[in-house]
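Please build the complete structure, drawing on both the sequences and the hints.
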Amino acid sequence: MNIKRCFTLTRAGIIESLQFRLSTLVVVAGNLLYLVVIYHLWQAIFASVDTDVVNGMTFSDTLIYLVLATALFNFMEMYVVWEIGRRVQSGEIALDLLKPMKYRSFLFWSYSGTAVTQFFFTFLPTFIVVTIVTNGAIPLGWNLLYFVISVVFAVSINYSIDFITGTICLYTESIWGINMMKPVIVLLLSGATIPIAFFPEPFKTIVQYLPFQSIYNAPLSVLLDGNPEPAKLLTTLGIQLFWCVLMNIVSRVFWKISLRQITVNGG
Amino acid sequence: MSNIIEIKNITKEFKVLNRREGLKGSLKDLFSRDYKIVRAVDNISMNITQGEIVGYLGPNGAGKSTTIKMMTGILEPTSGEILVDGCIPYKNRTRNAQNIGVVFGQRTQLWWALPLVESFKILKDIYGVTDKDYKDMLELYQSLVDIEPLLHKPVRQMSLGQRTLSDILAAFLHNPKIVFLDEPTIGLDVSMKAKIRTLIHALNKEKNTTVILTTHDMGDVDALCRRIVIIDKGKMLYDNDIEHLKGFFGYYRTLKIRVSGSLSETAEKIAAEFPEFSVSANDEWISVLVDEAKSTVMDVLSQLQKTYKIRDMQLEEISTEEVIKKIYEEGVK
Amino acid sequence: MKRKSLGFYFRIYRKILAQDLKSKMSYRADFIISTIGMIFTNVAGFISFWILFQNFPSINGWGYYEMLFLYGFSLIALTPVQCFFDNNWNLRMRVYSGDFIKYCFRPINLFFYFQSEVFDIKGIGQFLFGLGTLIYSWNMLGLGFSALMLLKMIVFLISASLVMIALQNAAASACFWMQNSFFVLDFINKMKDYAKYPVTIFSSIFRFIFTFVIPIAFIAYYPSLVILRPDEVPLLSWLSPIVALVFFFLSYKLWMFGAMKYNGTGA
Chain X
1 MNIKRCFTLT RAGIIESLQF RLSTLVVVAG NLLYLVVIYH LWQAIFASVD TDVVNGMTFS
61 DTLIYLVLAT ALFNFMEMYV VWEIGRRVQS GEIALDLLKP MKYRSFLFWS YSGTAVTQFF
121 FTFLPTFIVV TIVTNGAIPL GWNLLYFVIS VVFAVSINYS IDFITGTICL YTESIWGINM
181 MKPVIVLLLS GATIPIAFFP EPFKTIVQYL PFQSIYNAPL SVLLDGNPEP AKLLTTLGIQ
241 LFWCVLMNIV SRVFWKISLR QITVNGG
Chain E
1 MSNIIEIKNI TKEFKVLNRR EGLKGSLKDL FSRDYKIVRA VDNISMNITQ GEIVGYLGPN
61 GAGKSTTIKM MTGILEPTSG EILVDGCIPY KNRTRNAQNI GVVFGQRTQL WWALPLVESF
121 KILKDIYGVT DKDYKDMLEL YQSLVDIEPL LHKPVRQMSL GQRTLSDILA AFLHNPKIVF
181 LDEPTIGLDV SMKAKIRTLI HALNKEKNTT VILTTHDMGD VDALCRRIVI IDKGKMLYDN
241 DIEHLKGFFG YYRTLKIRVS GSLSETAEKI AAEFPEFSVS ANDEWISVLV DEAKSTVMDV
301 LSQLQKTYKI RDMQLEEIST EEVIKKIYEE GVK
Chain P
1 MKRKSLGFYF RIYRKILAQD LKSKMSYRAD FIISTIGMIF TNVAGFISFW ILFQNFPSIN
61 GWGYYEMLFL YGFSLIALTP VQCFFDNNWN LRMRVYSGDF IKYCFRPINL FFYFQSEVFD
121 IKGIGQFLFG LGTLIYSWNM LGLGFSALML LKMIVFLISA SLVMIALQNA AASACFWMQN
181 SFFVLDFINK MKDYAKYPVT IFSSIFRFIF TFVIPIAFIA YYPSLVILRP DEVPLLSWLS
241 PIVALVFFFL SYKLWMFGAM KYNGTGA
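Going down the list, the sequences are from chains X, E and P. For the first sequence, counting from 1, position 54 maps to 54 in our numbering; every step adds exactly one. For the second sequence, counting from 1, position 113 maps to 113 in our numbering; every step adds exactly one. For the third sequence, counting from 1, position 89 maps to 89 in our numbering; every step adds exactly one.
There may be inaccurate statements among the hints.
[What the hints assert, rightly or not] PhoX-like mimics (lysine-lysine), calculated; alpha carbons at most 20 Å apart, straight line: (1) E:LYS121 with P:LYS4; (2) P:LYS24 with E:LYS153; (3) P:LYS261 with E:LYS91; (4) E:LYS325 with E:LYS235; (5) E:LYS269 with E:LYS256.
Rather than coming from a laboratory, the hints here were simulated on the basis of the structure. Note that the structure is predicted; figures quoted are calculated from it, not measured.
Listed below in structure tokens is the structure:
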């Protein structure tokens, strides 16, 4: 695929998202408020037990984990499911399919611009604030590089899952139900609502075998571990790579099959 | 006859954002913005009497929909006065709404998932139509178009034509004094267009409803309107009878003749003979655009008959469309 | 023509509702998918709640069953907004496409007309889920039962619902002023998930914000105190019906003001 074409879409996305000055502000303010809520909530939660460490996590560990999970979520959430659903309902999807680009890539690159602005406006400020506030709780070393690699995998897995969910919209008009379900389930199973370390036993093991934990839990545990054992690091990234490839294939195949079905039925 | 709509010197101004171009421009827009004032409607006056069908014309962005929004009461004029049925629309939006019906081609106002008859029943309640009036209206509709198959069909399953038809019927249901039709025939095929025009005409006759029609289709205008109003860039260009319009640029008529012999040669000779008229030749016909202010078609014809053997002839009036096109392009002299 | 009475609006709504339900039933697949979505969302919410209490016995002096009570209360209070005001989510789209104007030509209240277009039956699942949780925790707490308590419960549940409706109206009306206002609605939607925690966990500034600016504390905390801890009911709890009415009225005015302003500039 022509890489220039992709970046043109990214650029257009950045311009588009910068148009909305007020909404950028709302996003930033909203995130701050959200962070405050999480902070107070978990402070109260930790205050209710006698120990400082619960399930191997201190208050500041939990806080960093959850805050960055939210920041990652904001950066990765492209509202792809809404978009596909909306286009399917309005019939605009037919126009998109005529574009000389695979729809999956077209949509990804169209939204990459928003992701870039989100990265600078929400993730980066949050990251800096958290680093300063927790005063050295985030190790700053090679783990940052591993973190970036891990996030790239996470973005890819997340997009594949979004795309699969979006594809379901071809079969139903109820995009609302799907849209509601997706983030809640993904956030819970990926450890973004409550760190996976807190999960009671059978759950914890089950969740480890699902792709979702690769989206938030994996990059965050890579980030918080300043001195990782190479074997552990490679396992985490390896599992991510595995899910990345698998979900990519599944999402492509599912889209292809669904599209054939739809065109046959003349939907 | 009394005026149902009175508009006196209305003007409407909007504040719009000047966006800068490119990535750099967008970043700049983030921090500083620059607005300009646009005058969408500029000092327009008109009176419309009960029962008239008025064609409200103008190119895209001329200010048509702004004027209509002011007449329907959802927009307040920057200055000037509007009275619709004796009251000021924007101060009495709901009361005004009782008096009007609105149709947008392509945008249905009916309940998407409901069968048409259910939409009608809800509208009946909303507008407080009595059972008798409702029944009479449905009977009238039935006599004009075959609505039976439409009534039990959900709006979402209708074709565009059926939907437009339904929307028009819904707009007339509460027997409003005025109906605004915004491009009612847009996107429809020829026979559906004709059907809709006939329907509008019949409803106007039957109920003496005032109809304000905006359209880009001169077929609608020719079929329905006696009077037309043309605006462009917010300013009124023309407000008069449609016949009058044709005289606006002189009374032009096109004389078409068929002669024996070479077409282009003859055309050239005729052009030399009548330098004041434009002459063209195609499809075996020679056309002479005659300005009747200079000489009549009959004079030209008898002159031609002396020199050439005319095998066949036709006379064409200049079409409204051509005149309007000319007005849009050149403005009114 | 005189102003239309409440009875008039009630009749119209009932008529639209009955028709809408009839047509919804004919799209069974959609109904099932969105109901499943709703159930999943609620179950996921409950699981994260449960996981939390697997690790921590109480939060800020609030035990498991008390928190469960708040949780159930908030679910019920969030039902009306779900059922009757769901069209707020479509407002943005209607406004951008210019379709919004069609709501302005009827001789009835604009806000009513717009909201009456959608009735979301899925909210009922949430209602039942919340009711079950509430009854269960009520029972486990041994709160007892009297007609007066039931009356209080109903009054305060209605007030709590009004607060959420007000929040959503205000958030939805953001689209009249800014483009890309989805974030505002989404933000409020996220905040409502925190309504189920006692507002006392926050510092005084945020307690103020969540009481008077983004009044999520009125969705569960203040009103449920009346039943839950009848010995220490703060004044704000008793005032919550009035507060709810005020917020609702303000949000309605804001919504209408926005709609009128939009017509002045838009499309």
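A quick look at each hint next to the structure:
no., hint, result
1, E:LYS121 with P:LYS4, "18 Å, holds"
2, P:LYS24 with E:LYS153, "15 Å, holds"
3, P:LYS261 with E:LYS91, "14 Å, holds"
4, E:LYS325 with E:LYS235, "16 Å, holds"
5, E:LYS269 with E:LYS256, "15 Å, holds"
Of the hints listed earlier, there is not a single one the structure fails to meet.
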